[in-house]
Amino acid sequence: AAEGPAVAAQPTGSAATFETLLVSTEDNMTTIRLNRPQKKNAITVEMYNEVIKALEQAGKDDSVITVITGSGDFYCSGNDLTNFTKIPEGGIEQMAKNAGELLREFVKAFIDFPKPLIAVVNGPAVGVSVTLLGLFEIVYATERATFHTPFSQLGQSPEGCSSYTFPKMMGNAKASEMLLFNKKLTAVQACAQGLVTEVFPDSSFQTEVATRLKAYAKLPRNSLALSKQLIRGTEKEHLHTVNDQEVERLVERWLSDECMQAIMSFFQAKAKL
Amino acid sequence: AAEGPAVAAQPTGSAATFETLLVSTEDNMTTIRLNRPQKKNAITVEMYNEVIKALEQAGKDDSVITVITGSGDFYCSGNDLTNFTKIPEGGIEQMAKNAGELLREFVKAFIDFPKPLIAVVNGPAVGVSVTLLGLFEIVYATERATFHTPFSQLGQSPEGCSSYTFPKMMGNAKASEMLLFNKKLTAVQACAQGLVTEVFPDSSFQTEVATRLKAYAKLPRNSLALSKQLIRGTEKEHLHTVNDQEVERLVERWLSDECMQAIMSFFQAKAKL
Amino acid sequence: AAEGPAVAAQPTGSAATFETLLVSTEDNMTTIRLNRPQKKNAITVEMYNEVIKALEQAGKDDSVITVITGSGDFYCSGNDLTNFTKIPEGGIEQMAKNAGELLREFVKAFIDFPKPLIAVVNGPAVGVSVTLLGLFEIVYATERATFHTPFSQLGQSPEGCSSYTFPKMMGNAKASEMLLFNKKLTAVQACAQGLVTEVFPDSSFQTEVATRLKAYAKLPRNSLALSKQLIRGTEKEHLHTVNDQEVERLVERWLSDECMQAIMSFFQAKAKL
Chain A
434 AAEGPAVAAQ PTGSAATFET LLVSTEDNMT TIRLNRPQKK NAITVEMYNE VIKALEQAGK
494 DDSVITVITG SGDFYCSGND LTNFTKIPEG GIEQMAKNAG ELLREFVKAF IDFPKPLIAV
554 VNGPAVGVSV TLLGLFEIVY ATERATFHTP FSQLGQSPEG CSSYTFPKMM GNAKASEMLL
614 FNKKLTAVQA CAQGLVTEVF PDSSFQTEVA TRLKAYAKLP RNSLALSKQL IRGTEKEHLH
674 TVNDQEVERL VERWLSDECM QAIMSFFQAK AKL
Chain B
434 AAEGPAVAAQ PTGSAATFET LLVSTEDNMT TIRLNRPQKK NAITVEMYNE VIKALEQAGK
494 DDSVITVITG SGDFYCSGND LTNFTKIPEG GIEQMAKNAG ELLREFVKAF IDFPKPLIAV
554 VNGPAVGVSV TLLGLFEIVY ATERATFHTP FSQLGQSPEG CSSYTFPKMM GNAKASEMLL
614 FNKKLTAVQA CAQGLVTEVF PDSSFQTEVA TRLKAYAKLP RNSLALSKQL IRGTEKEHLH
674 TVNDQEVERL VERWLSDECM QAIMSFFQAK AKL
Chain C
434 AAEGPAVAAQ PTGSAATFET LLVSTEDNMT TIRLNRPQKK NAITVEMYNE VIKALEQAGK
494 DDSVITVITG SGDFYCSGND LTNFTKIPEG GIEQMAKNAG ELLREFVKAF IDFPKPLIAV
554 VNGPAVGVSV TLLGLFEIVY ATERATFHTP FSQLGQSPEG CSSYTFPKMM GNAKASEMLL
614 FNKKLTAVQA CAQGLVTEVF PDSSFQTEVA TRLKAYAKLP RNSLALSKQL IRGTEKEHLH
674 TVNDQEVERL VERWLSDECM QAIMSFFQAK AKL
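Residue numbers (the working numbering), protein chains in the order written: chain A, 434 to 706; chain B, 434 to 706; chain C, 434 to 706.
Excised from the complex, chain A in its bound form:
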């Protein structure tokens, strides 16, 4: 079967302790693979928590670089909207509050991650899996990948620090097209706009990327980590502020009529299929 880069056939280390991820460390590289391929790797509450935990472990292990990728044809379809169907005792206000707190911690784990973080985008990416890419050092994409952040369609607002990283990276006129007006980018477009480092033909994607990653994992560990922290350092505090503001806005949004109606329409359309 076609497998991603640098995941051993027999994963070693802590791989067995996760339900929604495959995590392995080999040859100075820790790989975190989102592993709900039947659900396009949509992020459940459990997966949010497991990614936070996996990043915490990867930040402390002796690997040089950390890689995130997806199982199957999708990279990640974003937030699993069924997260919004489990109403806790405190009602939907409590649900929105909990979801906001989880998202804040999830994004925080990416802001604070101390080593080079590399996304291997093996297929379409949606929502928070796209916005977070602004916090990665390297983003390699197959030509099959697409990048879509349909926030306003769902009555929502941008997260993952994209309200800051996207305009910084590509300018307002391109960032708003994605973040406000739901433009879906091809891999080549995303590369031209600075969101993606390089695009590869799908047929040779895994092989070519694996070669790069192996070479990167042999570079001096401290030099890489300290250089990354130097770059992040000049804006780390600001990223935390942005994360807080985005989450606050989103919690309000989740409780708005616009958002509730949009999410109900989503499930109704799905039920008809």
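It should be emphasised that the hints constitute simulated quantities derived from the structure, not laboratory data. Values in this document were obtained by computation on a predicted structure and should not be read as measured data. There may be inaccurate statements among the hints.
Each pair may be met inside one copy or between any two copies, as identical chains are not told apart.
[To be verified] Result set (DSSO-like, lysine-lysine): computed pairs, CA atoms no more than 27 Å apart in a straight line:
1. K541 / K669
2. K616 / K647
3. K617 / K705
4. K486 / K472
5. K703 / K651
6. K703 / K647
7. K617 / K647
8. K473 / K617
9. K616 / K651
10. K647 / K493
11. K651 / K617
12. K493 / K541
13. K651 / K705
14. K473 / K616
15. K472 / K519
16. K541 / K486
17. K616 / K703
18. K616 / K472
Guided by the hints, dock chains B and C onto chain A, whose structure is given.
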């Protein structure tokens, strides 16, 4: 006659109250059309004031998006230099002070505008009409459009927050070529540098753009406005500081020999035609 | 012989007072030419000090623009690693401290330079000569030029304010490829990423660039200087902070095992040739 997007043949609402603009609201979209086509939509003192007023109204009306475009072949030829020929009682110092205060309020109206703002650049754009584009969410341009900021040729300095937005968007090496060295960009070049969202063939420009705008105007109103404000929020205060600094510098420039000589040469060259 | 732009056959002014540079002022333009072509214009301690001095003089002379270029086939091969082979009395700690202080002053001279600064990149550029380009107003490159910052290969970390200017200019995903993972860019790639203003065929490079520079040098002096200072002004203080942080990190790096081993390997490989 070829008309811009979403302007009714019979403009409704407050359209009648402006001398230099056509303003109309229809289908959740307010359109502000610069309407001095015989003068290439050059911005007079009156037009500065009317745009400020029109933006204030559009920010409060129930439209979802606001569009700015030009009548005729030009988008806007920038500041009308005849503004400098009407010397008030206080002399040219007073004239420069007044012009600075007007520019500051004009740019402020764009910084503070609370909804998505879309430029439909229907032809060449010059000076402040170019620099302000860094404060728009979407910039659609016909392939005929050009983008020119000949500040140093006139002994002046950048405004419209471009001393901040342009380097942020395109890097110093491209921004200085425009802002210091008077490089005129084609629409395709402006798109490659992040100033323009997308370029369209002139023959289908109005039709294609109208289709996009109609779709955008149907998106959830609050989601769009709050998302825009979230993005703007992280740098709004800084934009006001930049605006103040640019205006202060420009008022000094207007009183400099370099600038006065350049403006006199402009009128002498014009008189010879 | 093919000479660079605007350097008189008989250099005038202060040219004679430098050992490692050719400096001349003519037609409102001061040209600083790195002049160790036999060493690919690698920067020795003496050259660091002379560039600081030359920039100080150029900032005060009556030229309108200042140009930096290289003699021979290279633009600049970066820091001369033989700088690390002259151990002072205080040992390698003192050497690292001295080198850090020199680098800080060198970069400071670029941050504070008050006029438009133009790089004429006549061939390959390496290390600090690349990172500093983020502080130039215009970067013209021959198609033969390449841009390489192999910091992690040498166990080092980014300088020249590139930990701030590169992500700002090209986004994280492109900046990290250069600054962490040693990607060497062609001139065309560097232009697409905003590091270079324009690329020229090698055969016409000097002629075409000289035409541009002559035109720029005729623009109003104060308008250009004040416009540049306006743009720089909004981030000058931050650039000094970034410079301090980069130097501090680099001094630590120079004393690390990773870096010492990498530099020793460099000299061993060279000795075998």
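Intra- versus inter-subunit Cα pairing at 27 Å for K647 with K493: For K647 and K493, only the intra-copy Cα distance (20 Å) is at most 27 Å; the inter-copy one is 51 Å.
query: Is it within a copy, between copies, both, or neither that the alpha carbon of K541 lies no farther than 27 Å from that of K669?
result: both (10 Å within a copy, 24 Å between copies)
message: Treating 27 Å as the Cα threshold, decide for K473 and K616: within, between, both or neither.
response: within (20 Å within a copy, 33 Å between copies)
message: Treating 27 Å as the Cα threshold, decide for K617 and K647: within, between, both or neither.
response: between (31 Å within a copy, 18 Å between copies)
task: State whether the alpha carbon distance between K703 and K651 is at most 27 Å within one copy, between copies, both, or neither.
output: This pair counts as between: shortest inter-copy Cα distance 22 Å, intra-copy 47 Å.
- request: Pop the pair K541 and K486 into one bin, within, between, both or neither, using alpha-carbon distances up to 27 Å.
  value: within (12 Å within a copy, 42 Å between copies)
message: When Cα atoms must be at most 27 Å apart, do K473 and K617 count as within-copy, between-copy, both, or neither?
response: Intra 17 Å, inter 36 Å, cutoff 27 Å: intra-copy only.
task: Indicate which option fits the pair K616, K647 if close means a Cα-Cα distance not exceeding 27 Å: within, between, both or neither.
output: between (34 Å within a copy, 15 Å between copies)
message: At most 27 Å between alpha carbons: which applies to K493 and K541, within, between, both or neither?
response: Intra 16 Å, inter 36 Å, cutoff 27 Å: intra-copy only.
- prompt: Given identical chains, is K472 near K519, meaning Cα to Cα at most 27 Å, within a copy, between copies, both, or neither?
  reply: within (18 Å within a copy, 62 Å between copies)
- request: Give the relationship of K617 and K705 under a CA distance limit of 27 Å: within one copy only, between copies only, both, or neither.
  value: within (24 Å within a copy, 52 Å between copies)
message: At most 27 Å between CA atoms: does that hold for K616 and K703 within a copy, between copies, both, or neither?
response: within (22 Å within a copy, 45 Å between copies)
Checked against the numbered hints given earlier, this structure breaks none of them.
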